[in-house]
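Each protein sequence line maps, in turn, to chains V and U.
1 is the number of the first residue of the first sequence in my numbering; add one for each residue after it.
1001 is the number of the first residue of the second sequence in my numbering; add one for each residue after it.
Just so you know, these hints were derived from the structure itself, not from any lab.
For every residue, glycine included, the Cβ atom is placed at its ideal position computed from N, Cα and C.
Some hints here could point you the wrong way.
[Claimed, not checked] Some chain V residues near chain U, calculated using beta-carbon distances under 10 Å: (1) L25; (2) L29; (3) G35; (4) A47; (5) W64; (6) F71; (7) S76; (8) G78; (9) G81; (10) G88; (11) G96; (12) L129; (13) I130; (14) V136; (15) L227.
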Amino acid sequence: MKDSAAGRNYGYLDVALFLVGIAGLAASLTILWLGMRAVLGVGGFCAEGGPYVIAHHCPGSTAWLIPVAVFAGLGSAGLMGWEGSKLGSPWAALIGLAWPALFISLGWNFLEFAFFPPEGMAGIQIGWLIPGVLFVIMGAVPLIGFMPGGKSWKSDAGDATFAFATPGADDDAVRKQRARLATDLAAYAHEEAASAQHADEGSPAEQTGEGSTDDDLVTKLQRLDALHRSGSLTYDEFHKAKQAVLDEAGKTNG
Amino acid sequence: MGSAAPGRWLAVAVILAVVIGIGIGYWLFNAL
């Protein structure tokens, strides 16, 4: 059912499929986690089928269950992302938690089995300790992005419960920074022009000459253009700074 | 569905879905 009166463009089916995607993803990650533990329990590797004599058979159904769980997990994540994007960006962003969930849980397995290896393996298993540490780091680092970015957990969006630290979330700060940059640039251009003028008025031997002033002007304009192209300056800020540079150059030459 | 806080019931549903999913995964792994 679409509830457009409340400003929503999703129905109950979307919510249901979103939740199915989450449950499917959680189930897949659980199977991967349990499957990995079972395989680590027999030494960390196993095989089934083929013409060879197999020394390490895969425990239970892990030989086919783990690959199936991988694809089921990817499909569930896709469903979750697709439906989540209809519910609003914070809900779609929840899919990002699948990465830390996967890597921290599997990293935990590596660490646990590194310190408490199965029978027949003595001492701390460095071969499992290293991937364990790497997995935990890989899983933990993106979690920083899910921290509330200095704001309250209640978002202004109303529909959303969480405010994630997404790029562009702090537009005001970026705008202020840009304005400051433009002001600094204008001041810099003013200073440069003033010192050039001063040098001109000083000794004739130190005269920069019209040619070098033009070169200086071109360099400044090119620098401004580069800043504008890189997105550091908006169109308006670029034009203000450019005008300031040209004005100063006009005064110097005139 | 009240329009006051539609995010709240969905957040609860998401947590429930995760718990149910873990349960299904655990059950499937042991059943197969």
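Here is what the structure says about each hint:
For L25 (chain V), the suggested interface contact is upheld, since its CB lies about 7 Å from the closest CB of chain U, less than 10 Å. Taking 10 Å as the C-beta contact cut-off toward chain U, the hint placing L29 (chain V) at the interface holds, the least distance being around 7 Å. Given the 10 Å rule on beta carbons, the hint for G35 (chain V) holds: about 7 Å separates it from the nearest Cβ of chain U. At its closest, the beta carbon of A47 (chain V) sits 19 Å from a beta carbon of chain U; the interface hint therefore is violated under the 10 Å criterion.
The interface hint given for W64 (chain V) is met, as the beta carbon of that residue sits about 9 Å from the closest beta carbon of chain U, less than 10 Å. Restraint check, F71 (chain V) versus chain U: the minimum CB separation of about 14 Å is more than 10 Å; hint violated. Nearest Cβ of chain U to the Cβ of S76 (chain V): about 8 Å, under the 10 Å cut. The hint holds. A least Cβ separation of about 15 Å between G78 (chain V) and chain U goes past the 10 Å threshold, and the interface hint is therefore violated.
The closest approach between the C-beta of G81 (chain V) and any C-beta of chain U is roughly 14 Å, which is over the 10 Å cut-off, so the hint fails. The interface hint given for G88 (chain V) is met, as the beta carbon of that residue sits about 8 Å from the closest beta carbon of chain U, less than 10 Å. Taking 10 Å as the C-beta contact cut-off toward chain U, the hint placing G96 (chain V) at the interface is violated, the least distance being around 13 Å. This hint is violated: L129 (chain V) has a C-beta 26 Å from the nearest C-beta of chain U, more than the 10 Å allowed.
For I130 (chain V), the interface hint is violated, the least distance from its beta-carbon to any beta-carbon of chain U being 27 Å, above 10 Å. Annotation: V136 (chain V) was flagged as interfacial toward chain U, and the flag is violated, the nearest CB pair being 20 Å apart, outside 10 Å. Against a cut-off of 10 Å between C-beta atoms, the interface hint on L227 (chain V) is violated, since the closest Cβ of chain U lies about 40 Å away.
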